[in-house]
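Q: Line by line, the protein sequences are chains A and B.
The opening position of the first sequence corresponds to residue -16 in this note's numbering, with each subsequent residue numbered one higher.
The opening position of the second sequence corresponds to residue 94 in this note's numbering, with each subsequent residue numbered one higher.
Since the hints were made in silico from the structure, they are not lab data.
The structure presented is a predicted model; accordingly, all values stated were derived computationally and were not measured.
A couple of the hints might just be wrong.
[Claimed, not checked] Derived coverage of chain A by chain B (criterion: at least 3 residues anywhere in the stretch with Cβ under 8 Å from a Cβ of chain B; other residues may be distant):
{"#": "1", "segment": "78 to 87"}
{"#": "2", "segment": "469 to 481"}
[Stated by the list, open to error] Quick list of simulated restraints, FRET-style, between CB atoms:
{"#": "3", "chain 1": "A", "residue 1": "N147", "chain 2": "B", "residue 2": "I361", "range": "37 to 47 Å"}
{"#": "4", "chain 1": "A", "residue 1": "V474", "chain 2": "B", "residue 2": "Y453", "range": "30 to 40 Å"}
{"#": "5", "chain 1": "A", "residue 1": "V474", "chain 2": "B", "residue 2": "I361", "range": "47 to 57 Å"}
{"#": "6", "chain 1": "A", "residue 1": "A201", "chain 2": "B", "residue 2": "A205", "range": "17 to 27 Å"}
{"#": "7", "chain 1": "B", "residue 1": "I361", "chain 2": "A", "residue 2": "W424", "range": "51 to 61 Å"}
{"#": "8", "chain 1": "A", "residue 1": "K306", "chain 2": "B", "residue 2": "Q338", "range": "50 to 60 Å"}
{"#": "9", "chain 1": "A", "residue 1": "I477", "chain 2": "B", "residue 2": "Y453", "range": "35 to 45 Å"}
{"#": "10", "chain 1": "A", "residue 1": "I392", "chain 2": "B", "residue 2": "D474", "range": "38 to 48 Å"}
Cβ coordinates follow ideal geometry from the N, Cα and C atoms, glycine included.
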Amino acid sequence: MEILNAALVDWSRAQFALTAMFHWLFVPLTLGTSFIIAIMETIYVKTGKEIWKRITKFWMTLFAINFAIGVATGIILEFEFGTNWSNYSWFVGDIFGAPLAVEGIMAFFMESTFFAVMFFGWNKVSKKFHLISTWMVAIGSNLSALWILVANAWMQNPVGMKFNPVTARNEMVDFWEVLFSPTAINKFLHTVTSSYVLSAVFVLGVSAWFLLKKRNIALAKRSIVVSSTFGLIMIIVTIFNGDESAREVYRTQPMKFASLEGLYYGAQAAPLVTFGIFDIHKPTMENQNPKVFTNKFEVPKLLSLMATLKPNSYIPGINDFIKGNEQYGIVSYFDRIKMGKEAIGALKVYQKERGKNDSIANAALTTFKENYKYFGYGYYNDPYDLIPNVPLVFYSFHVMVGLGFWFLILFILGLVFVLKDKVQDKRWFLLTALWTIPLAWLASEAGWLVNEMGRQPWVIQDLMPTTTAISNINTTSVMITFFLFAVTFTVLFIAEVRIMLKQIKQLKDGGH
Amino acid sequence: MFENLSYLTLQHYWWAIVALLGGILVFLLFIQGGQTLLYKLGKTDNEVKMLVNALGRKWDLTFTTLVTFGGAAFASFPLFYSTSFGGAYWVWIIILFAFILQAVSYEYRSKAGNFLGKKTYDVFLFINGLIGTVFLGTAVATFFTGSFFHVNEMHSSFWDTDFGGLLLALDFGRYATYINLSLGLAVFFLARVLASMYFINSIDDKVINERSKKAIFGNAIPFLFFFLFFLINVLVMKGFNYDPQTGVVNMEAYKYLHNLLAMPVVLIILLLGVVAVLWGIIRGYFFYEKCGSKAIWFSGIGTVLTVFALFLTVGYNHTPFYPSVTDLQSSLTIENASSSMYTLTAMSYVSLLVPFVLAYIWYAWSSMNKQDITAKEMEEDTHAY
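Excised from the complex, chain B in its bound form (with noise of 0.2 Å):
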């Protein structure tokens, strides 16, 4: 079936296997955002334990996506893949240390003889859930943004700045700077505002519950003014475009604001899971008597749907998804970067489990999730971090 889809079908068939990737990674990041939050919501033992195993029994979901995020970008777009890890690898580095950090801490915290101490594997959890948030959200924002490079005639790519891609998160005489780190900063919070509804739903303690609900308004704001400010920047700034037939690439004002309007499907998404990440903040905060334990699912979803929308944004409608400031030409786009048609056809089929590993990932978390977490579960539990 597959075989009958031109070139520039499965490009974009692609990129959106790649966005929802990306959708469905921000949302899991609610497990960083969590990480960052252990002693703010808990302040004793057993409260930190119950959050900790809240979070230790899905984080390698996140650290999964996250791991099938890169590998679906190197089998369909490698020339983005060496492009960006090769040249921005400080900050590739910085975030997979992150990540090195954050796999052993939950088996490794409160087991005997670990060698560094619990406290210091709870700080391995806390850097990963502020860098991994951070920086992810940092470099997504570059997309729109554009990086310092340039690819020669033999596709070998070459970084034009020093410091491997950090001075797209330090170079504080940029106005684009503040752009990147405002979709940082924007994933963070909402990491933390997504993490406080997540415990409400899986964990059956009073004073959790509270504090997490004060968490959800605390965060709510800062990410709500940092997401609009990125927002806003993105839909008014210029933007880059190729001519689909010379594949030259230019600036065009407006650009993201345009691609919006001409793909309105792609506008609704974005709008719906805007309203949705908004309605899941007021049901968890204002209405949390009620329905405050369903609170994760709307902004879950919304958060999915957003990024899902930002990412087909900046990659279709003759966008360049990973832009070079320093040669345009060098950008990257969807029909430059990716792999060949027939590798794409094949992975199209690969594809196809996915719906599979979704009905098996659900029905496993059905069984498990029937009982919320307790101070008494954690008693028992043999097992627990």
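Excised from the complex, chain A in its bound form (with noise of 0.2 Å):
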């Protein structure tokens, strides 16, 4: 591994974020709408009245628009990891490639052969075997997200390998592991129920569409029940998977925590900071105490409750990191950096010497194994290039949290509106239902923000800087695919919003 050209990384990096962020503004809606819709056809087949069909046939064309274009951005980011992520493939290849092998296996074969089912069996299969593939489709969708999730969880809490100085890679020595790291499960659950939110936020604004138009009464009222109900139990479960998410990204990536939070010195009974506006200042050798916020609005306590249930523990901060802090047991990103250059040089000596001077040898590796907890860190020098950017990931995460409280009220007050018969009469809380679509997508997309950047200098944690993580490609071949994939998913994103308002306007009473 070695550090690469510094706009190459910039380029890589945009480009993954392009694609990755199109790429999710597709997926949370299928992986929500499958079950929304699987319900749906349950109610259908329970009850055999003909208007549930209906809804379901209705909601199940968007998700196919929503779906198709889920696909066409999908497949760009399993190949990405090899195109633009050579170093990164082969460094953790052995570990990571096999979720992804596994999720096309498990998953995008059951996705695809029951979504054929679903849309063209409607008059060839019978109700029930019709009925089970769209829960399949459902399920096929969702056991996609927990292999990518897994994988994506692996980068943040490496788990179950062991690294290989023969062949100079992290190698798997425990699948189960790896499976069910903690870190797996919240990232699986805390992404998936929170993407069931978003779907439901999308059913509940398109139905208030409806009755604002006075149409498709009777479709947008039984919709609203539906995704209300779905919705309400899964932002509360989104609600506690996130809280103890925060407590995992504490144990296992403490700067990303205090990024987080932006507490830059650490405390105890640390208070949680609701609302802030930050100084932007960022510590740096020159200036390692900046004032972190102009203006800040705090519950007392809150932040050592949220990351230890305890109220009064202490709460390491970015500077604990860089300077260390002995009474809490943090080495600083200063020696850090010093293990992480010995493990290097080591390592080096080892590959040099194996095979002829094996007692140089054998001392490398002692010496290399000694520090290689800290690898990573020496690709760096300065210690203050190791924070990630703090404003970014402390508006990002709060935007999230605050929006995810906004949706249980949504939910609630649309779940008393419609049992009580009068949603169509609340003209102000119809509007407010549609103009909430758009704030689900930027919280699902705040949320990776989070994950992703308050990661970074790191593509794995500790472990890999992301600048050693690209393809050895000139940077104007990757410039030109940035704006290539800039333009075609613009203009498919454009096709997909018009499609789907068009199949939403001319939904006509009692037709399809």
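Take the two lone chains, each set in its own frame, and fit them into one complex as the hints suggest.
A: What follows is the structure in structure tokens.
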């Protein structure tokens, strides 16, 4: 591994961010609507009422439009690890490749096979087999989410592997540890349940539009019942597993945790900044103690409580990591960098002397193993380079959490109004529900920003710097493909949205 | 059970899986072949619609197989994945682009408000059909003829020419380019042959079937020409070989011919495959009235077997499956490019799912395929593409 040119790193990152964030516009809607449709079709099969078949088919059409572009934007992500992150692919491919392969075998075939039955099988297969197929699409989509999130969780908290100095890569030693790591479980639960919330907001919002236009009243009201109930349950689960995720981040990625709360200076009984505006000053070697916020509103002790369940515990801040804190057993980044350089040097000696001079090779191997924990730090010189973009992570996190609570209120209101049969008269609520649709996407993308930007500058936490992970290709190529993707995806996105709006607008009362 | 296998056996097992996926993928490229025939076989809107829908219900099987092929290659031979994808950057990006365009085209082409218009989406389908077949075929040929890269001691790979691998298909001063392209074109025409057979099998329309029958013949001739050109060249050319003890790579005359002779089972699979493809063509064209609709099965299975055998030829018997012509010793073999023994073992258990996957695909489609696609159905189906 070596650090490659900065422009290439930036363009590679920009391209991955672009393609991933585009892909994520469509995935959460697929994850959630697939279940919502399955629930609706189940009601149809149980009650035999045609209206429910019509409702199912309508949402299914929107599902398919969204699914297609999800597939289109997804294929590039699978191969991008190879095309743009080839050093990464070798260094951790032994672990990271497996979930991707399992995803293909286990989930993608399930999705695509039953997707065809779900759409074209209404008159070809039995009602029961059709219903099973619809559920299979939902399960398949969510299974694929499981495997890719397992892979992502591993980048946050690499477990179940060991470095092999002969092949100079990390190798898997425990598949189950990778699959069932607490990070993976939390990540999966938080991501899928929050995606269900997004889908519920979408169904609720579109239904609200129908009511505002006084069309498809029966379809809209029933859809509000299903989406509000589903959404309410899921937002509660999301809030709880989000809380659990925060503790998981605190345990495994304390720097990310400090960043998402803007905690520069560690504190006993740390308060939670619920609202804050940054003074932007990032600590640097020259300015080690900057002012953090210009304005803020805090809740005392809440951060300590959130992170450790103890209101008076000490929460280390960014400064503690840079400079170290003996009292709490934190090794400073200065020392980690030193140890990392030792490890890198020793590995080189080992590679060179192996098979030629065993005593030198073995000594080098011992040094390497002693310092391996901080291997990745050796690629840096300035500890201050190891701080993520704190304001970005902080704001994203707060937007996500704030909106999460807003969705909770929205679903409660929706459910109350629809059950009292008053929802069609609450124009303000219907308008609010409609305008909440984009906010659901904002919250979801913000969550990914916290996750991915909060991990920087690591591609794999503490192990592999992002700068060493890219492919050795020329920057111009990546620039060109960046714009190719940007233009193509934008065009396809416009097409998708227009088709969806058309489908929604042209749905006539009683007809399809 | 897989724990008892040696590392080398696991590497062979995984190469066989990659080979099988490759074989199935090339067979399923009939979807791409069909996409290049839409306006040749369909002259009216309704005819085109039937053709699109016949393909549109199965396109994602091909797509999924491609993705799974990538995933399996990543998991089992990560050094190949990182070297080839990261090096032949433009080759893969162009292939991926073609598939991105395909993924939306079926769903969007006939929907109101689709922004680009039906014709554009049909052009996307054509582009995918052309690039998907020609580029993939050409890329596979480089497994025999070699690429330009080197790998350093830390397993970081570097491509040694500009244009991210495109020279493998465009450097006409090199004889190997013609071999590479011939396989690309062979796959393209084979995909069109298979598509024509598929249309006969799944569309109940006399006019389309008659045109498809002619297309079988019209595409079989160039297919045979390019395929034989490729095969003969591969059999007589110098191939890449490595010493199993030292791992040192050298060139050997008639290497791939030797491989087939050294592995008679592979030779038999190859011959069976080629014969089955030809038999399908003969049935489809000359005995069209009697058994034309079954032709797809012969040629389809024949395709799987042929490609499977070609992959085994280039990966087994101490042959680097991804050779480098600029630095012989950087060539990738199933031994030096593979995952660790643990990962291969774990993934081998996962591979046991494959029969179940095939079983439900089979079950779902046999219940869906009871009736052929007809013009009437197209009018009634609200979700037709």
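Q: Could you run down the list of hints and mark each one as holding or not?
A: Comparing the hints with the structure gives:
{"no.": "1", "hint": "78 to 87", "verdict": "holds (count 9)"}
{"no.": "2", "hint": "469 to 481", "verdict": "holds (count 7)"}
{"no.": "3", "hint": "N147/A / I361/B: 37 to 47 Å", "verdict": "39 Å, holds"}
{"no.": "4", "hint": "V474/A / Y453/B: 30 to 40 Å", "verdict": "36 Å, holds"}
{"no.": "5", "hint": "V474/A / I361/B: 47 to 57 Å", "verdict": "50 Å, holds"}
{"no.": "6", "hint": "A201/A / A205/B: 17 to 27 Å", "verdict": "24 Å, holds"}
{"no.": "7", "hint": "I361/B / W424/A: 51 to 61 Å", "verdict": "56 Å, holds"}
{"no.": "8", "hint": "K306/A / Q338/B: 50 to 60 Å", "verdict": "54 Å, holds"}
{"no.": "9", "hint": "I477/A / Y453/B: 35 to 45 Å", "verdict": "36 Å, holds"}
{"no.": "10", "hint": "I392/A / D474/B: 38 to 48 Å", "verdict": "42 Å, holds"}
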